[in-house]
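If you read the protein sequences in the order shown, they are chains F and Z. According to this note's numbering, the first sequence is numbered sequentially starting from 1. According to this note's numbering, the second sequence is numbered sequentially starting from 1001.
No more than 16 Å apart at the CA atoms, straight line, and that leaves these computed lysine to aspartate or glutamate pairs for EDC-like:
no., chain 1, residue 1, chain 2, residue 2
1, Z, Lys1076, F, Asp36
2, Z, Lys1003, Z, Glu1298
3, Z, Lys1076, F, Glu76
4, F, Lys207, F, Glu5
5, Z, Lys1088, Z, Glu1118
6, Z, Lys1140, Z, Asp1244
These aren't lab readings, by the way, just hints derived from the structure by calculation.
Here is what each chain is made of, one letter per residue.
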Amino acid sequence: MTGKEFMLAALEAISHSIIEHEEHLNHLDNAIGDGDHGTNMARFSRIILSDLPELSAGNGDLGEILHHIGMRCITEIGGAAGPLFGKFFLQASISNIGNTSMDAANWVLAFDDGTMGVSLIGRSTEGEKTMLDALFPAVRAMQEKLEEGLSLPEIFLAGATAAENGVEFTKTISANKGRAAYIGQRSIGHQDPGATTVMLMLQALHKTAIEMNVK
Amino acid sequence: MKKFINEPGNLEMETARGMALAKPHILRQLPGCNVMVRQNKKTDRVALVFGCGSGHEPAPNGYVGYGMLDAGIPGKLFSSPTPDMLLKGIKEVQNDAGVLCIIVNYTGDVLNFRMAMEMAQTEGIAVESVIIADDVATQKTKSVGRRGLAGVLLVMKIAGAEAEMGSDLYRVKEVAEWAASGLRTIGVACRPCIIPSDGEPSFELGETEMEIGMGLHGEPGVLRCDMMSAKDTVHQMLDLILLDCNYENSEVVVLINGLGGTPPMELYVINECIHEYLSEQGIKIYDTMIGNFMTSLEMGGFSISLMRLDPHLKALYDAAAVTSIIRR
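Build out the structure end to end from the sequences listed, making use of the hints.
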């Protein structure tokens, strides 16, 4: 079971990780896109960090926190990533409005809803070299571990590992969506920056779950 | 970098304010943002909304006014406006006749508009969209479709006139799509623009090189080669258009759009080359628009758009419009 404390610690860890990888994400985006994914995600992450005190003083409604993050994505990230990550958090928030705690099932459902939201707004699915190549496998892996009755750190670990494999997979395929689609076959060999960000998020979630020893 | 600017971070907002100050009888800037709407709000006509990144001035706000756009929404430099800003514009101009969003086909623009439209629909606003993908330098077979270029301006003119006639939302959308189906654009660049935030050129191009098909933001084109004469450049470009769309025996509007760093003098030289070549091909030119309609800061280069006319489209093209840039 996790509450506000875990949610905010996880958001902090995610934000720090993205800021730390700003240059790396720009570099990845430069190869197949317009080279600003790191800058945009880091700008957003800095805003999230500055929002934390206010969120911490709030009523602890986890759905509202996720909704707030979603709106921040929409207004602050820009480009295609803004609505995509925004839709992820907004959809993930829906089943948690009114919840002051989230158990493993809530977390997996939130990821599942968020992923479907991204898929719908992006009119995209796995295999098109997008963030969905990290999200879909992560959701499947987490669902499997949830059904096996494992704890949250193990569930997040499975999600992070699946996302890492998903990122590796994006190197082997050509882009079918986004700006990278225009360079087609030349995008093979490069990993997708959006999928990489998803991986960083799951890794930070896992790290936070271990550190805080949540169940 | 030599630019007459103040704070690079305030550039987009200062640009919007400057534009609104110039034409207060036409434009009204919404407080605290750079969303611009018409002074006289329509009450029973389909409202047209267009947005694109800043840096493409006078687009989008130069086309806000009678007979064209009801709201123009610029994003940050070369970045799509965000859904919250688009929604603000949509809500400001919406009325019982509904709203038509005109979108240039870039993933960022399409996704931001899609999300704003979803939000507007949840609030009970009737909103539809038309996506402009006129760049023949990109493949239409790709699932993302072609990029959108300056040809969107002609669709705004057509759809705006149809909306002023009092047609319903689906009719305005249908006419916009019909106009877009006979619209093709090809661009060429010979010099990058300088991004004000870092002073860096937006792309690399050799001192003697040009690139046909390059996008408005330096996206790769179809042919990089040494600079050619205006005549040879125009031939290469028009061949790409004519290979893609058959305009034989058609009457067309030609739009020659400067990217910001190519002087009007050259655009007129280019225009003569276009007229010569098209008449050889049996294509009749009804009217030609020449100017910097949708720029990329000071990028060197231009684009050529052809739009096929039929009697209805011709009447809409000729219909009255009063915006900062287009007046007839």
